[in-house]
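Participant: Generate the whole structure from the sequences, applying the supplied hints.
Protein chains: 2
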Amino acid sequence: MDLDALIRGVEDRSPRALGRAISLLERGEPLGAEPPGPPGAGGSTAEELVRRLYPKTGRARLVGITGPPGSGKSTLVEGLVRHLREQGETVAVLAIDPTSPFTGGALLGDRVRMQSLATDPEVFIRSMATRGALGGLAAAAHDAVDLLDAAGFDVVIVETVGVGQDEVDVVRSVDTVAVVVIPGMGDDIQAVKAGLLEIADVFVLNKADRDGAERTYKDLLFMLETATEAGGESAAEARTPPVLRTVASRPEGIPELAEALAEHRRWLERAGRLRARRRQRLELRVEEALKRRVLAAANRSDRLGREVDRAIVEGSDPYRVADRLFEGLAPFVEQTQEEEDVS
Amino acid sequence: MDLDALIRGVEDRSPRALGRAISLLERGEPLGAEPPGPPGAGGSTAEELVRRLYPKTGRARLVGITGPPGSGKSTLVEGLVRHLREQGETVAVLAIDPTSPFTGGALLGDRVRMQSLATDPEVFIRSMATRGALGGLAAAAHDAVDLLDAAGFDVVIVETVGVGQDEVDVVRSVDTVAVVVIPGMGDDIQAVKAGLLEIADVFVLNKADRDGAERTYKDLLFMLETATEAGGESAAEARTPPVLRTVASRPEGIPELAEALAEHRRWLERAGRLRARRRQRLELRVEEALKRRVLAAANRSDRLGREVDRAIVEGSDPYRVADRLFEGLAPFVEQTQEEEDVS
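Protein chains in written order, with the working numbering: chain A, 377 to 719; chain B, 377 to 719.
No wet-lab data here; the hints were simulated from the structure.
Bear in mind the structure is a predicted one, so any value in this text is a computation, not a measurement.
Which copy is meant is left open, so a pair is good if it fits within one copy or across any two.
Here are the computed lysine to any residue pairs in the SDA-like style, where the Cα-Cα straight-line distance is at most 20 Å:
#1 Lys-432 - Ile-688
#2 Lys-594 - Val-623
#3 Lys-432 - Glu-690
#4 Lys-432 - Asp-685
Facilitator: Below you can see the structure in the form of structure tokens.
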């Protein structure tokens with residue numbers, strides 16, 4: 377399958393083409409042709425695929441669902457997908473499996489279970505697990521979200537286990553982030569609230585029929601109230617994330633969750649913030665791509681390796697080596713400094 | 377306190393100076409003086425501190441201890457520190473607290489408990505939690521390890537929760553990595569063995585008095601046996617990680633663990649691999665520092681921001697924007713290409 381055929385398949389939402397295209401993004405491998413892109417840069421067939429599809433992106437609602445292992449995220453996502461389908465919306469789910477040694481097993485189990493949805497041709501479910509030295513999981517996930525957006529799905533759901541910076545970077549690039557918590561996390565909430573508040577647009581207290589649910593619910597509300605009072609934003613700009621209670625396994629509370637997600641999206645548009653979020657997403661992706669290009673250039677003809685060898689002989693510190701490599705970039709720096717002087 | 381005084385304090389292993397120095401590395405903030413380093417680069421007082429101390433590094437044994445939340449890592453580290461002290465060795469512990477919303481609480485509790493060791497002047501314990509946009513946790517942790525090494529501690533232990541790529545990057549840069557598992561993880565081991573094997577020099581089955589310990593132990597041994605047979609290394613080069621059984625809370629098995637760690641270090645030296653590991657560590661740090669310099673340059677006078685704004689107007693994809701920024705680096709690329717032509 378050449379790139380043109382693959383792109384047509386993606387635009388037709390062919391599951392086979394979508395699967396192949398995402399595999400290509402995961403691996404970053406060439407698809408037979410010479411890698412395009414500027415000489416010496418990180419250009420690849422994966423990048424070319426995204427470049428070609430990019431003009432069609434921007435339509436889908438991008439939703440992130442994150443939470444600790446065992447919080448029932450997959451069951452929740454499954455319920456959400458069924459509900460969205462009943463509303464006539466097409467849905468893609470991208471489940472990010474961290475390659476962490478300690479969480480892989482449970483996630484694989486979830487994946488198999490969620491396949492029950494895969495018989496619906498308007499639902500596409502795919503897990504991704506990749507850690508390239510150049511780019512990494514977040515970059516590949518962002519590419520995949522663009523691809524699913526360009527393919528024309530109404531909603532793209534990105535599910536992650538919220539345990540590492542990579543996963544946080546992944547959900548930061550969606551429009552609306554739901555953070556799933558479960559009863560019994562109350563004791564920890566004070567210690568962790570900064571991290572939770574930073575990313576959550578909607579809180580979901582799942583397994584809300586369990587002992588201790590009421591206390592965790594109240595703790596969450598108290599935490600949000602305190603944080604809003606202490607927050608630096610003006611009252612007009614501030615938005616306190618709602619706390620939804622669900623029992624995904626029954627299921628209960630799913631329509632309310634779907635409405636809360638949709639309401640957040642409407643708020644983003646009303647407040648003029650959707651544009652800001654998408655700008656932030658683009659900036660993050662440019663930074664990733666730039667780093668990839670620089671490292672590819674530094675590794676070309678093993679220049680970086682030879683500088684490291686030299687450093688070992690000379691006893692140089694890592695910053696001296698980085699300076700040497702960076703000095704080759706001086707014209708770039710001079711140019712930006714001239715611009716600074718003018719402004 | 378100026379930089380000279382801070383460096384003298386670090387070299388004297390003054391807890392106050394060590395604490396201040398590591399805070400400086402966490403924040404990457406200037407210490408009063410103008411940031412040194414090349415114009416436009418990521419130079420900072422934190423970097424200057426590392427540069428100045430770097431010639432004194434290379435003596436300490438660098439040990440990483442990683443494992444899932446709840447595996448008893450901190451109790452294990454506490455026992456290990458006591459044992460090493462009985463052997464007359466000075467020890468520094470760097471506990472990496474991921475800023476993940478979901479693990480912070482438990483770790484904070486551990487930290488308080490481990491403070492019981494802090495009355496010993498030859499033990500230094502410090503937790504780090506930081507996520508800078510430029511550099512991040514791994515870079516700050518690597519700087520802190522250098523600092524503790526230069527301060528003259530015999531052993532530097534880096535404790536992480538093995539959940540994200542950042543944490544894996546942190547332990548990858550030590551000499552010897554111990555991966556802690558607990559009974560009941562057996563079912564998952566097949567699914568996750570690639571990740572475990574990639575980083576483990578020593579396995580520790582902690583809580584080995586629990587139900588299911590025997591089965592997990594056998595599963596681990598079987599996994600290691602299979603992996604060694606399938607491995608690409610020659611028999612002379614291959615080394616199967618030992619599996620130690622501990623009950624850290626009693627404590628049991630700690631001297632054996634200490635010996636296994638020391639034996640791995642001796643093996644590294646015998647096999648000529650210590651140098652290779654430390655070279656890999658230096659290369660990783662150079663890459664981090666180079667990325668930091670490039671992003672600082674791209675952000676200078678908001679060049680990156682303006683390119684992103686332009687991209688939004690023009691509908692450009694992220695790779696086109698990265699190409700534009702990268703093209704300013706062309707002389708660097710040409711130079712490396714010429715070298716390639718010559719070789």
